[in-house]
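*Asks:* Chains A and B, in that order, are what the protein sequence lines are.
Counting from 1, one number per residue, gives the positions in the first sequence under my numbering.
Counting from 1, one number per residue, gives the positions in the second sequence under my numbering.
No lab work stands behind these hints, which were simulated from the structure alone.
Since we're looking at a predicted model, the values are computed, not measured.
Just so you know, even glycine gets a beta-carbon here, dropped at the ideal spot from N, CA and C.
Among the clues, some could well be false.
[Unchecked claim] Ranges of calculated distance between the beta carbons of each label pair, as one might list FRET restraints:
no.: 1; chain 1: A; residue 1: T46; chain 2: B; residue 2: V68; range: 40 to 48 angstroms
no.: 2; chain 1: B; residue 1: P52; chain 2: A; residue 2: K188; range: 27 to 35 angstroms
no.: 3; chain 1: A; residue 1: T109; chain 2: B; residue 2: K36; range: 44 to 52 angstroms
[Stated by the list, open to error] Chain A residues, not near chain B, derived (Cβ > 12 angstroms throughout):
no.: 4; residue: F120
no.: 5; residue: Y128
no.: 6; residue: D155
no.: 7; residue: K204
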Amino acid sequence: MMSAVAFGQTAYKVARTSDGKPDLQGIWIARNTASFDVTEIAEDPTIPYLPEALEREAKADRVDPIAHCAMPGVPRITYMPFPFEIMQRPGYVVLLYEYLHNHRVIQTTPREHAEGIDLFLGDSIARYEGDTLVIDVTNLGNRTWLDSARHMHSDQLHVVERYTRTAPDRMLYEATLEDPQTYSKPWKIRMTLHRINEPGFELKEQECVEGDDGRAIHPLYRPASKS
Amino acid sequence: MRLSNVIYGLMITVLIFTSVPLQAHHSFAAEYDGTKPIKLTGTVTKFDMVNPHSWIYIDVKDDSGKIVNWKFETASPSNLYRRGFKKDTIKSGMQVTLEGYLAKDGSATANGQKLYMPDGTVIILGTEVNPG
Chain A
1 MMSAVAFGQT
11 AYKVARTSDG
21 KPDLQGIWIA
31 RNTASFDVTE
41 IAEDPTIPYL
51 PEALEREAKA
61 DRVDPIAHCA
71 MPGVPRITYM
81 PFPFEIMQRP
91 GYVVLLYEYL
101 HNHRVIQTTP
111 REHAEGIDLF
121 LGDSIARYEG
131 DTLVIDVTNL
141 GNRTWLDSAR
151 HMHSDQLHVV
161 ERYTRTAPDR
171 MLYEATLEDP
181 QTYSKPWKIR
191 MTLHRINEPG
201 FELKEQECVE
211 GDDGRAIHPL
221 YRPASKS
Chain B
1 MRLSNVIYGL
11 MITVLIFTSV
21 PLQAHHSFAA
31 EYDGTKPIKL
41 TGTVTKFDMV
51 NPHSWIYIDV
61 KDDSGKIVNW
71 KFETASPSNL
81 YRRGFKKDTI
91 KSGMQVTLEG
101 YLAKDGSATA
111 NGQKLYMPDG
121 TVIILGTEVN
131 PG
């Protein structure tokens, strides 16, 4: 079983930033297909849905919101099949995603979460625990899905992400999802992020433009040719 | 200068046709008529504080006594939030008055400019004409 502890048994010692934090900087990518079905990376592939949440899902829209160019939310943004870059500065963690120019500029100063506002990527507060960057995310609303397979959540979703570098080119990503209106208990996802070391590799533009036929012009959802 | 008139005409035509698919990213001028202000009082049925723009829905009784559900487009959640707005600031059932500009398509839609809360507080909703 994969865990931070098991990885930690190797001789790898996490590099430190100039202010002594675990250095997670670089360009990373999840090489999996969890964006299509999150159960692929779930600790237990049976998501502990409440019966009423399943009922809600059955009645919900059938079209993946990202097909309309909506931002994918957290944690989905992390396993979209596009690279993202982590930059660290004292007091800040910056996550830049190639996917639709999404970004998260997160302060590490402790504070309370925002109240009364929902955002596609939520409200993030970061802290370091040993070798791990922990990001606490709330205010995610109920408009994003966890994947294309219509795994949903309510606006009560609380995600705790944990980023732990386990080798020069590997990072363990774990997230706990808690949502008392949707799940009977918190559940976890876990995957490896791979560092892209190709010389000169940089994030490029990845845009989504909704077509006049209502379908997104989107690499994953390109409309079929009309011919 | 007939030629330049033709070119001008062509440019307008191109502008009209190319702007159709962009209506999802609605500019004020594309969707609303700045010469048609409207002020309506009604009962809130829904408030969606969402990106890219938030929407307030109110039931309004028209001259014939029929209830019409109007929707007012307002600023982005971040802008409203910085003005003290929260997603439960406006609740269903609340009596409010809204000022704005009518949609060009003749539907019961308007671009919201001002919200008069039940206690008399006035909140600027403005998007592009009046960004607050």
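*Asks:* Would you mind marking each hint as holding or not holding in the structure?
*Replies:* Hint-by-hint comparison with the structure:
1. Take A/T46 and B/V68: their Cβ atoms lie about 47 angstroms apart, and the range 40 to 48 angstroms holds.
2. A C-beta distance of roughly 33 angstroms is found between B/P52 and A/K188, which places it inside the suggested range of 27 to 35 angstroms.
3. For the pair A/T109 and B/K36, the beta carbons lie near 48 angstroms from each other, so the given range of 44 to 52 angstroms is met.
4. Annotated as non-interface, A/F120 brings its C-beta within 12 angstroms of a C-beta of chain B; the closest such distance is 6 angstroms.
5. The non-interface label for A/Y128 is consistent with chain B: the shortest C-beta to C-beta separation is roughly 27 angstroms, beyond 12 angstroms.
6. Its beta-carbon lying about 8 angstroms from the closest one in chain B, A/D155 breaks the requirement of being farther than 12 angstroms from that chain.
7. The beta carbon of A/K204 sits about 22 angstroms from the closest Cβ of chain B, which is more than 12 angstroms, so the claim that it is off the interface holds.
When held up to the earlier numbered hints, the structure conflicts with 4, 6 and fits the remainder.
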